[in-house]
Amino acid sequence: MNTIIFACLLSFLNPNTVIEECGLIQITVIIDNNCNGIYDTGDTYANNWEVRIEITNNSISFENQTTDQNGHAFFGNLPAGSYQSNLTLQNNWNVTNTTQNFVLQESGVGQINYFVCQDCDPEFNITQTPTGNEICCPTSVVMHVQGNYPIISVQWSNGGGGLVKPVTVSGNYSANIQYECNGQRKYITLNSSVNMGRGGFPSLSYHNNAVRPNNPLVFYDNNPPSQFYKPYNATKFHLRIFDRWGGMVYESVKQKCDGFVNGEIKWDGKGTNGNNLQQGQYVGYVVLENCQYKCSINNVANINQIQRRCPQNITYFNVFWLP
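Just so it is clear: in the sequence shown, position 178 is 178 by full-length UniProt numbering, and no numbers are missing.
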């Protein structure tokens with residue numbers, strides 16, 4: 001047996017025997033599941049947490065210890081003095097109660113408790129599930145609230161509760177959520193935007209100057225002009241460009257369920273094959289579609305026919321391409 005340990009054992013057994021470096025400090029780390037700073041039902045002991053102590057008046061420190069399965073860490077063979085303890089907190093944990101300092105008498109025994117509580121860091125979100133035959137044109141949308149904490153209640157901005165909410169109209173929706181974390185009731189508000197792909201189209205504009213490689217033809221809705229990324233309210237567009245002899249030199253068809261915004265419909269002066277076209281005058285049109293207003297122009301090349309078929313969807317343009 002180590003001589004110092006044996007001497008300390010004699011000191012504890014016989015109070016008349018005083019050994020200067022026979023003090024003992026036990027540190028216990030407790031998982032405070034309801035964050036109330038006291039040991040009660042549901043609390044457990046923290047294993048493998050790092051703790052350390054030092055003598056405050058001369059900054060003498062001792063080797064760090066880690067707690068065992070019972071949440072205990074022991075520092076033995078200590079001289080008398082004023083001690084300060086420290087706990088290395090793990091991510092997203094806080095101390096709810098502790099007696100961090102302790103005055104240790106010669107051959108004395110001290111105990112320091114740390115109550116630790118995990119932060120509430122919710123990860124809630126609203127997921128949308130379209131219903132109907134077409135993914136981009138749902139007949140309705142079902143929104144689900146999901147989170148990693150026990151949910152107490154949900155209240156939707158358009159009325160009603162529950163984790164699932166059907167909606168049939170485009171717009172911004174929110175859900176006020178009550179959830180439980182560490183035995184306490186918390187609140188959070190989630191927002192979600194639903195685009196049903198319906199409604200009329202804006203009158204698109206374009207810069208009527210020469211199109212160059214660094215200055216593409218861009219279509220936009222500038223009402224109001226401050227909203228640079230204003231949506232077209234279109235989930236699909238069909239762009240065709242013709243030369244002065246009426247030959248189609250470029251065609252682009254794209255679909256986007258979330259809808260297009262200013263700057264996303266454009267032409268860079270290249271043909272369908274990706275090569276720059278010859279300098280000259282070009283004409284064309286953009287046809288917009290969404291889930292309410294559709295206009296199929298397949299197998300239709302005549303502008304007059306397209307105009308009769310979908311007058312509210314079409315925008316004509318005339319530009320000069322300068323390579």
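Don't read these hints as lab results, they were simulated from the structure.
Hints should not be assumed to be uniformly reliable.
DEER-style ranges, computed between Cβ atoms [what the hints assert, rightly or not]: (1) Glu63 / Asn101: 15 to 25 Å; (2) Ser153 / Asn86: 15 to 25 Å; (3) Ser153 / Gln26: 18 to 28 Å; (4) Arg244 / Ser193: 13 to 23 Å; (5) Ser153 / Val95: 50 to 60 Å; (6) Gly271 / Gly199: 26 to 36 Å; (7) Glu63 / Ile188: 21 to 31 Å; (8) Asn97 / Lys186: 44 to 54 Å.
Quick caveat, the model's predicted, so the values are computed rather than measured.
Backbone N, C-alpha and C define an ideal beta-carbon position, used for all residues, glycine too.
Quick rundown of the hints versus the structure:
1. Glu63 / Asn101: 15 to 25 Å: holds, 20 Å
2. Ser153 / Asn86: 15 to 25 Å: Taking Cβ atoms as reference, Ser153 and Asn86 lie about 41 Å apart, which means the hint is violated.
3. Ser153 / Gln26: 18 to 28 Å: Given range 18 to 28 Å: violated, Cβ gap about 44 Å.
4. Arg244 / Ser193: 13 to 23 Å: Violated - the Cβ-Cβ distance for Arg244 and Ser193, about 44 Å, lies outside 13 to 23 Å.
5. Ser153 / Val95: 50 to 60 Å: violated, 31 Å
6. Gly271 / Gly199: 26 to 36 Å: Check passed, 34 Å falls within 26 to 36 Å.
7. Glu63 / Ile188: 21 to 31 Å: At 43 Å between Cβs, range violated.
8. Asn97 / Lys186: 44 to 54 Å: violated, 21 Å
Hint compliance for this structure: hints 2, 3, 4, 5, 7, 8 are broken, all remaining hints hold.
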